[in-house]
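Engineer: This is what each chain is made of:
2 protein chains.
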Amino acid sequence: MKAVGVIVEYNPFHNGHAYHLQAAKETAHADLAVAVMSGNFLQRGEPALVSKWYRTKMALLSGVDIVIELPYPFATQKAETFANGAVSILDAIGCHSLCFGSESGEISTFQKTVDYMDLHKDCLDEKIKMNIKTGVSFPKALSLSFQSLSSTENLLSLDKPNNILGFHYVKALKKQKSSIVPFTVKRKNADYHDEHFATETIASATSIRKALFAPTGNNSSIEQYVPDTTSTLLKEYLNGYGNFHEWENYWSFLRFRLIHSTPLELREIYEVEEGIENRLIAAALESFNFKEFMEKVKTKRYTWTRLQRICVHILTNTKKAEMSGTLEKASYLRLLGMTRRGKEYLNKNKSQFNLPLISKLSAYKENDISLDVKASRVYSFGLGKQNGNILLQQEFKQHPIYVER
Amino acid sequence: MKAVGVIVEYNPFHNGHAYHLQAAKETAHADLAVAVMSGNFLQRGEPALVSKWYRTKMALLSGVDIVIELPYPFATQKAETFANGAVSILDAIGCHSLCFGSESGEISTFQKTVDYMDLHKDCLDEKIKMNIKTGVSFPKALSLSFQSLSSTENLLSLDKPNNILGFHYVKALKKQKSSIVPFTVKRKNADYHDEHFATETIASATSIRKALFAPTGNNSSIEQYVPDTTSTLLKEYLNGYGNFHEWENYWSFLRFRLIHSTPLELREIYEVEEGIENRLIAAALESFNFKEFMEKVKTKRYTWTRLQRICVHILTNTKKAEMSGTLEKASYLRLLGMTRRGKEYLNKNKSQFNLPLISKLSAYKENDISLDVKASRVYSFGLGKQNGNILLQQEFKQHPIYVER
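Residue numbers (my numbering), protein chains in the order written: chain A, 723 to 1127; chain B, 723 to 1127.
Treat the hints with care, since some could be wrong.
Claimed, not checked - No more than 30 angstroms apart at the CA atoms, straight line, and that leaves these computed lysine-lysine pairs for DSS-like:
no. : chain 1 : residue 1 : chain 2 : residue 2
1   : B       : Lys1041   : B       : Lys1087
2   : A       : Lys1087   : B       : Lys1018
3   : B       : Lys1018   : A       : Lys1107
Rather than coming from a laboratory, the hints here were simulated on the basis of the structure.
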């Protein structure tokens, strides 16, 4: 059985994801699809709209066969670390290929670019440093440096978010000497960051979330952009748990954490550097909500995303010391769900996996999963007390979601 | 001008307090009364019912002339430390006498007992250690040891809460070589811990708070036990700030702090010892409210009060390292309010105070007040967002309350 891997957040699963998944299976001639999916907190430093269990169910009902959680140390990270973790999981679970969406759509361009960057690494690092000194953010500095270096080489445009991610997937495959074959599918229509609906059936997850959170918003306005199963599950979550998760639900706790901490304590938190701790505390004292807080803290150098990631690490109390040494490869495979076909694949191949496969958290006592546990505990605070506790218990007792398909 | 000192919480100010205050001024032949009053969090490890500003106003309107805040490192503490701080403030502000309520009512018994305990210190310490080994709490061990030692000496009953406090006041006066003369007034009727109304006009603060928080409770049920000014100010607080402060308002934040901390981090918190951190985390994960949590954590050795104090220190993130060396004497006089007569006294005498007198927090930048600042920040989380922020701003901008009397 040939498995194609995809790296996803499904926040929530929509028609664009379904299209990509179909294309991935066809392009890679795969018998099944394995998704590495972020858990509670996402790459942009945001809580997932609904729990990983609901997002797993959406995925399984719409074409994915196995869902593995991308552990916290990789999920809320810059593209390079995110890619390291995700690729290591797909490799450990025996995927034959990896398929990702990109603005470019040409896999050869990715490979050429990775090789070129390896060759010119020193020169590029030098340029990045110089650009950072002008006060721009890291992603911007990388993009500028790369442009100036590669303008005549017909390489990848590294100012597009999905190109950047894809570049890091291909780079991670090379670094980890994986035998996985990468493919890319040109993204259809919607830009990653689009806040508005772009076409009749495909819209970005950003625009879908925006509609879900809009004051006048109701579920029906997104129905044309998501499979029926997603729509049903979103309604079920809202009815069952009372609300979707967004930063504002966590604001009081973030603020509380900031105002009772000293700058010295905050500096122990992963990614807190350069005196940003003082800005964070001062802004927390004066802000009524998360948005207001973020606007007070934001600078040219600190992108919104970078700040949100910092805030997630503060919320989960994740220390620099806890993260060091965990950022190259994943150390376990946490199974969130599977279809009948996925189960068959796992039964046939799991003896050869080089990482432990965890089906139920309460049966796995290793320390390396503690960051995921903490993230789940904190994530549960985005709901009311009763519902938060239900979600928290689920984290420990839930068996992998099974879908007969 | 002769000033008599009283050591108070006024949570809230009631008729018993008014009686004591009157008796104090008369017994000590004083021209005015100075109250050292706990700020945000109290000796039993509870948030004060209403802000220190409202409690200051109640005090000034009912006979107190100067209110000084007892700093956080002394306020949420066992009797000995509490007394050290309070007595050092009364001494620094030039009080001539100290008057406290007690079950005993005989000041000579207090002095005799303090002297006797000094003489038999080693023997007593030995007995306390032995009693603690049987698993009882420290106050209980002290009381038992003392009884066995002193049964023939006609000394103080140290199993009464106000006798214990008074004993420590007299002991602190002796230790600090203060020239303050102690008096005691026999307490009328209501026991400190009484949960029920005892007489027609005097009731314990505990029973008054109980009535205020009762589901069917309304202000009128307490009116016969408090001065009109207290009653009016309580109503005003409730209307202005939306609610009184109680532990349940802070429960989510305490729980959040507990579930995102490691046992190792919690062990850095003042008073967290002997593995209680593990019990606290485990109970937090499974509890829906503060009461349920406390019942899960409580043991024979850990009294409810001791546990609540630990919880306050966790909430305010007060480390062992921050408290060491601050527990013998206060280092500043934070003026919360004064009457005309109080102002006159301060103007006449302040040049001789051996501690800085702080009228407005924003004008005082010393580090030693940082624990009070943190406590105020945390205390503000007991109100809704808007009102909490108003209270927090007040902490920095408020001038001492002035009452023309």
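Engineer: So, for every hint listed, does it hold in this structure?
Structural biologist: Results for each hint:
About 21 angstroms separates the Cα atoms of B/Lys1041 and B/Lys1087, which keeps this hinted pair within 30 angstroms; it holds. Distance hint between A/Lys1087 and B/Lys1018 is fulfilled; the C-alpha atoms sit about 24 angstroms from each other, no more than 30 angstroms. Under the criterion of a C-alpha separation no larger than 30 angstroms, the hint pairing B/Lys1018 with A/Lys1107 is consistent with the structure, at around 18 angstroms.
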